[in-house]
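Participant: Quick note, the sequence shown lines up with residues 904 to 1177 if you use my numbering.
It should be emphasised that the hints constitute simulated quantities derived from the structure, not laboratory data.
Keep in mind that this is a model prediction, so the values were computed, not measured.
Some clues are possibly wrong.
[Stated by the list, open to error] FRET-style restraints, in silico, Cβ to Cβ:
1. G1133 with S991: 47 to 53 Å
2. V969 with R922: 22 to 28 Å
3. G1133 with F1002: 45 to 51 Å
4. F1161 with R1025: 30 to 36 Å
5. E1104 with A1063: 52 to 58 Å
6. R1142 with A1098: 22 to 28 Å
7. D1157 with I1056: 16 to 22 Å
8. D1157 with P935: 42 to 48 Å
9. K1065 with Q936: 41 to 47 Å
[Claimed, not checked] No farther apart than 30 Å at their CA atoms in a straight line, the calculated lysine-lysine pairs in the DSS-like style are these:
10. K1078 with K1065
11. K1074 with K913
12. K1035 with K1170
13. K1097 with K1078
14. K1097 with K1074
15. K1065 with K1097
16. K913 with K1065
17. K1170 with K1097
18. K1078 with K1170
19. K1097 with K926
20. K926 with K1170
21. K926 with K1078
22. K913 with K926
23. K1078 with K1035
24. K926 with K1035
25. K1097 with K1035
Where is the CB? At the ideal position from N, CA and C, for every residue including glycine.
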Amino acid sequence: MTDAEEYAAKLRVTDPLRRPVLKAAIAALGLPQGSSGLDAGCGIGLQIPLLAEAVGPSGHVTGLDVRPEFLAYGERLAEAAGLTDRVSFREGDLYSLPFEDDTFDWLWSASAAGYPAHQPLRLLRELARVIKPGGTVAILIYTSQALLPGYPILEARLNASKAGIAPFTRKMDPKCHWLRAVGWFCDAGLTEVKAQTFLGEAQAPLSEELRAALAALIEMRWEGAEPEVGATLWAEHQRLCLPYSPDFILDVADYYGFFTETLFHGKVRRQDRR
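Working from the sequences, and respecting the hints, build out all of it.
Facilitator: So this is what it looks like as C-alpha cells:
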C-alpha cells in the first residue's frame, strides 16, 4: 500500500467519527439552495456528498486538491453516490487557485487550509478572490482532543510533542496558530467573521465502526512522538493505544473520549479583497 493509499484508508476509517461534526458545521453555514461552492483541499472527497446535500439538487460542488490520486478517489465516490452531474473535480494549489475571480458562492476547506498556514493572510486573500461579493469563506480546523481517559499526564505529554502540536511548530509566528484564524479573516478584509467549535464524542459500548475510527484517530494523532516522549511514557502509550494490547484503552468499560473542530467563517467584501 502506498503512502497515499494508507492515508486515504485512515480517512475512510475515521469518517464515521467525524461525520456528525462535519454535518453540524456545514449546517451552521446555511449554504443557499442552488448555490455553487468549492471544497478547497477536498482530499478523497468524503465531504463532497455532504456539501452537495446542503445545496440541493440544483446546486454544484467543485472539489479541488493538489493530489490527482485523491481526486480520482473522489470521482469514484461521487459516481457511487449518483452525484456526477452535481459535482466536479479539479487539480490545483490552495495558494494559486485555478479559477477566475468571483467564480463561486462559497468556499469550504476542512483540515486543509491552515494546515499549516505560514502565510495565512496571503492564503485567505486567495481563497476569498474566487468567491462572489457577499459569499462565504469557511475553514474547519481540528483543535483538540481527550482520548485517553484516566491518563491525563500521558496525554498532556503526547500533546506537547511535535506530533501533538502539528501542524504548528515551535518556530512559527504565534499569529500563524490555527486558533488565531479570526485575525486572518479580519486582516484579509472579510466581514461578519465568526468562530464556532463543534464536539465529536464517543462513549462505551462502542460499535465496531466507531471503535475502528477511534483506534485510527489515536494512531494518527501522536504518530512519531516516541523520541520526545521518552521510553517510559511511550511504553505506556503502546500499552494503552495498540489494539492488540490487553490494556487497550478502547476496551475500558466506561470509556468516554471527545475531540473538537473549530469552524471559522466570514463574508467576502469586494473592496477589501485586493
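Participant: Give me the numbers of the hints this structure contradicts, sorted from smallest to largest.
Facilitator: Structure breaks hints 5 and 6.
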